[in-house]
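Protein sequence lines correspond, in order, to chains A and B. Here the first sequence is numbered in the working numbering, starting from 1 and rising by one per residue. Here the second sequence is numbered in the working numbering, starting from 1001 and rising by one per residue.
Simulated from the structure, these hints should not be mistaken for lab results. These figures come from a predicted structure and were not determined experimentally. Treat the hints with caution; some may be incorrect.
[Claimed, not checked] Derived BS3-like pairs (lysine-lysine); straight-line CA-CA distance at most 25 Å:
id : chain 1 : residue 1 : chain 2 : residue 2
1  : B       : Lys1412   : B       : Lys1054
2  : B       : Lys1412   : B       : Lys1402
3  : B       : Lys1035   : B       : Lys1426
4  : A       : Lys110    : B       : Lys1373
5  : B       : Lys1027   : B       : Lys1231
6  : B       : Lys1035   : A       : Lys155
7  : B       : Lys1035   : A       : Lys171
8  : A       : Lys189    : B       : Lys1402
9  : B       : Lys1373   : B       : Lys1348
10 : B       : Lys1006   : B       : Lys1412
11 : A       : Lys7      : A       : Lys169
12 : B       : Lys1231   : A       : Lys155
13 : A       : Lys115    : A       : Lys171
14 : A       : Lys189    : B       : Lys1009
15 : B       : Lys1027   : B       : Lys1009
16 : B       : Lys1027   : B       : Lys1160
17 : B       : Lys1231   : B       : Lys1105
18 : B       : Lys1412   : B       : Lys1426
19 : B       : Lys1348   : A       : Lys189
20 : A       : Lys189    : A       : Lys169
21 : A       : Lys171    : A       : Lys7
22 : B       : Lys1054   : B       : Lys1076
23 : B       : Lys1160   : A       : Lys189
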Amino acid sequence: MTQSTGKRPRVGLFATCLMNMFRPNVGFAAAKLLEDAGCIVEVPDTQTCCGQPGYNSGDFDSARALARQVIAAFEQYDYVVGPSGSCMATIRHDYPVMFEDDPDWLPRAKALAAKSFELLSFLHDELGATPAGTRHLATATYHDSCSGLRGLGIKGQPRELLAGVAGLKLKEMQDAEVCCGFGGTFCVKYPEISEKMVEDKIHNIIESGADTVLGGDLGCLMNIAGRLRRIQSPVRVFHTAEVLAGMANGPGIGGHSQESR
Amino acid sequence: MEIRSKEFKSRAVFAIHDASLQQAMGKARDGFVGKRAQQAAELPEFEALREEAKNLKNHILENLDHYLERYEDAVKRAGGHVHWARDAQEARAIILDICKRVNAKTITKGKSMVSEEIDLNEALIEHGMEVVETDLGEYIIQLANEPPSHIIAPAVHKTKNQVSDLFEAAHGGPRKTEVADLVNEARQVLREKYFRADVGITGGNFLIAETGSSMIVTNEGNGDLTQTLAKVHIVTSGIERVVPTLDDATLFLRLLARSATGQETETYTTISTGPRRATDLDGPEEYHVVLVDNGRSKMLAGHFRDMLRCIRCGACMNHCPVYGSVGGHAYGWVYPGPMGSVLTPLIKGLDNAYDLPNACTLNGRCASVCPVKIPLPDLLRELRHLQHQQELSPVMQRRALKAWRFVATRPKLYHAGEWIAVRVLKLLGRKGSIRRLPFAQAWTDVRDLPTPEGQTFLQRWQAQRGK
């Protein structure tokens, strides 16, 4: 099925639910970064969700149903890449576990897991890409999303990629590696605890003196942006891909057009 | 103690608004996390030790019957007694029998989470015995009549001011405000008790199969006084705490203090082997070990065996942002935080602790610092799976999951649904975000909901690029 054109890898872009609904700009930024790095990008319309909401709610059967759908939709590609550590960790780590006792699907799950990557680590580690020529005037702090950080070992890659963006200064916040309180359905099942955690997070963001928050997962970023808006903070929030692709000129996540530069 | 894990949500909210608790927790959290990180960084083989400890624990658990039998034989050879308790009730009965037989009036206790697990103090007090906790933290919460809120720092939720108040009320003043003075005052009071004690009860950090010894670690030396000055020493321990040799114990010792308090080593590491020998200058006349199962052999046989590797260091809770937000009491039983969220449902029943496995963002920080690499998030997810299978999760959640699956396995329907949702949210959202949204209040009570851009990514992609 794979029809690689010469050496250009064919990448199936995993359109995460939150990106698809709330922030298509992140998807286009991802596509641009991948294409600039020499990939052919395709977006199969038979994809929906990776199944993580079911898996983390203990509904393993439903999670497997979704996983089979993702495997079928994406196994034709050389790589599967998505702008989220959380969804891609589900595919990379959880799919092989889900099908441990299923001899038909286990090899397919493993094969897909092996070629599935989170966007920023894929650009950095697999493609050795160094996006250049972009400019973004800001002092940014980076929130390390938990699934990406601990599940996929994403820590230095986004920072190194961002180092190539002209005008961008990175300023680390305290506890950058501590959960923001999103946690998927956790944030609506335990809103008070989630509030305490996101409050701690934005306290550290504001303390850092940064005017921008960057990260690699829209769940966390929407949680952080939503809380910043609630307290009417001017700090802006972008997905790292938007900045790297030079597509962060519009309003930040949860922001409005008047604030765009 | 009576399990109150069903009240997790309300107790968590209460804790979040308790200013003293938040002050105490913030201080402790920063201290523990920073010191552990420093210790881990300073020991080049730290990560290798974690892997080695995990493998050794797995080997022990695979051969647990063998090592326990060897341990029992060795204890007997040293002149001690081993008692096997299937559950909390049996454990209490065994200890109560010993105390009654020696006509115990005063009982000193070193810190023992197993004794909390089996509700030992209540049983002893009910039979007219005076029970004195000698670990400073345990002593504080005994005065406050509260359960521990942390497995190694039981009074971590208390501020210094609160301790001053407690001591003044219990000891009759004058009120001390300096930490050193407070510690000194407790020492004076406790010293009397050690000499009067008929029975000393301690936990056991490690049980050594080759020698029949029990090993405890403390920072106050209270365990030594508890176990050497009383006429009878009783060790309470879970069956999983056995290790083959003294050498093996040192592997865990290198990890324990670093993971727990961020110390290179604890101040006191004490090994007890049997009762006082003829040539010994001191030591108890009787030495007993009560080995408690209380659900552990069931864990050994099932999906949760990994949990039995736990060496009770508390690193998981020190690094857990949920524990750090709500403190230990919210969890409602003896063991709080990530390890407690696995143990409590397994020991006390899945339905008695529904919230504990669920009140977790699966952020994985606990597993990343666990000295024996217990995959805590995976175990918590597995508990959610059991709760789902047994229909213990809320009906609405199960219905929502069914609906989600129905729609999400039909891509055209799913994309149409997303398209409608995006349109509706776009209409509601002004200035980039939505402040109030019916049906999503749990989100909008805390934070705004960013407004979608207008069309879904898939729509725009197809419009721009075809397929």
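Give me the numbers of the hints this structure contradicts, sorted from smallest to largest. 1, 3, 5, 10, 11, 12, 13, 20, 21, 22 and 23
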